[in-house]
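**Student:** Each chain, letter by letter, is given below.
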Amino acid sequence: MSPALFVAQRLTAFVLALAVTVHLATILYAVRGSLTAADILARTHGNIGFAVFYGVFVVAVAIHAPIGLRNVLREWTPWRGVTLDIALGLFSILVLALGFRAVFAVFSA
Amino acid sequence: MVGSALDVDIWRGTQAGRFQAFSIPRREHQTVLDVVTEIQRDHDPTLSYRFACRVGMCGSCAMVVNGRPRWTCRTRVNEVVRDGERLQLEPLRNFTVVKDLTVEMTQFFEKWQQAHGYFEPGSQPQEDFAIVPPSTSERQAADAGIECINCGVCYSACDVVAWDRDYLGPAALNRAWTLVNDVRDKGNTERIEAISHSDGCQACHTHMSCTQFCPKAIAPTYSIAGLKRVVLRRNLRIIR
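Heads up: the sequence lines are chains G and U, in that order. Residue numbering for the first sequence follows our numbering, beginning at 1 and increasing consecutively. Residue numbering for the second sequence follows our numbering, beginning at 1 and increasing consecutively.
Any given hint could turn out to be false.
Stated by the list, open to error - Label pairs and their calculated CB-CB ranges: (1) A37(G) - E138(U): 54 to 60 angstroms; (2) S23(U) - W76(G): 39 to 45 angstroms; (3) A87(G) - R76(U): 51 to 57 angstroms; (4) L73(G) - E127(U): 48 to 54 angstroms; (5) Q126(U) - S2(G): 32 to 38 angstroms; (6) F91(G) - E127(U): 55 to 61 angstroms; (7) A25(G) - V132(U): 44 to 50 angstroms; (8) F14(G) - R76(U): 45 to 51 angstroms; (9) Q212(U) - S34(G): 46 to 52 angstroms; (10) L18(G) - A16(U): 49 to 55 angstroms; (11) V55(U) - G89(G): 54 to 60 angstroms; (12) A17(G) - A21(U): 52 to 58 angstroms; (13) V82(G) - P45(U): 52 to 58 angstroms.
The set of hints was computed from the structure by calculation and includes no laboratory data. We put the CB at the ideal spot given by N, CA and C, even for glycine.
Could you put together the complete structure from these sequences and hints?
**Tutor:** Here it is, written out as structure tokens:
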């Protein structure tokens, strides 16, 4: 792993540690009072803070996960080089697309 | 126990080979190296193994003893074999076997060079003795890893070396860390570049096998963690 990827992985890990904690705490808090999915969507609709938080979450995952997956593949398979980097670049784009699709769906619901 | 027989299985051959059984008298305070020496002298002079100092300084007698890498000169049979158990001796793992218990260590030492595990005085060496107070954090960090005897036990125990033969390994990275903390050294820019890549400190998974088995009670895992922090700091500085 190059120093740049190493730094990117560590920084996004820091972001994700906070984001996952907030995410889980929010879920626990939200379901406490028996809120329905419709109730939750009504609260997230048009909420810029929510969209920004989950937007950052998605970007961090899209950076962090492909780097980790690249390490696993390099260690456990003979796959190396440009094709591996391209494949994981595409994986990152896929995570971004799916993540932002979900964020947009919940924000604009 | 003393006076009874000790059954020993020793690896014979190269990468391909088999265990050969021997039986020798069990003695009080007998070390594993004593066992191998007795077998070579009294039973089979063709048995190959390596040793020099016999007192835990030279780092040449390490082997895998009952599945675990150890320095054999400072390992008593009593520590590893209970009554009725057999003693099994193999060459160190993650090395190419030359013959029997002797391994090829060239790659291990080459990695010390690749990790810039040597002192760099710079183009203008200091004119006077450098004063390095023992209380400084750099000196203490260097002290923690400086007693390495290059025995290869950590390298044999390391899972990352097992699946990536190009990984620099705990010993070389530990040595690099002691030099990163040597305030007299002038080669850190190149050294950090040399240890910061896919086969360098970033590859360590912190399994801590090296720390578990190091006979000198060094913790290469912490040295490697220190190198990771240095890599992170240097690269953040570049980004800023």
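**Student:** Look at each hint and say if it fits the structure.
**Tutor:** Results of checking the hints against the structure:
no.: 1; hint: A37(G) - E138(U): 54 to 60 angstroms; result: 57 angstroms, holds
no.: 2; hint: S23(U) - W76(G): 39 to 45 angstroms; result: 43 angstroms, holds
no.: 3; hint: A87(G) - R76(U): 51 to 57 angstroms; result: 53 angstroms, holds
no.: 4; hint: L73(G) - E127(U): 48 to 54 angstroms; result: 52 angstroms, holds
no.: 5; hint: Q126(U) - S2(G): 32 to 38 angstroms; result: 34 angstroms, holds
no.: 6; hint: F91(G) - E127(U): 55 to 61 angstroms; result: 57 angstroms, holds
no.: 7; hint: A25(G) - V132(U): 44 to 50 angstroms; result: 48 angstroms, holds
no.: 8; hint: F14(G) - R76(U): 45 to 51 angstroms; result: 47 angstroms, holds
no.: 9; hint: Q212(U) - S34(G): 46 to 52 angstroms; result: 50 angstroms, holds
no.: 10; hint: L18(G) - A16(U): 49 to 55 angstroms; result: 53 angstroms, holds
no.: 11; hint: V55(U) - G89(G): 54 to 60 angstroms; result: 55 angstroms, holds
no.: 12; hint: A17(G) - A21(U): 52 to 58 angstroms; result: 54 angstroms, holds
no.: 13; hint: V82(G) - P45(U): 52 to 58 angstroms; result: 55 angstroms, holds
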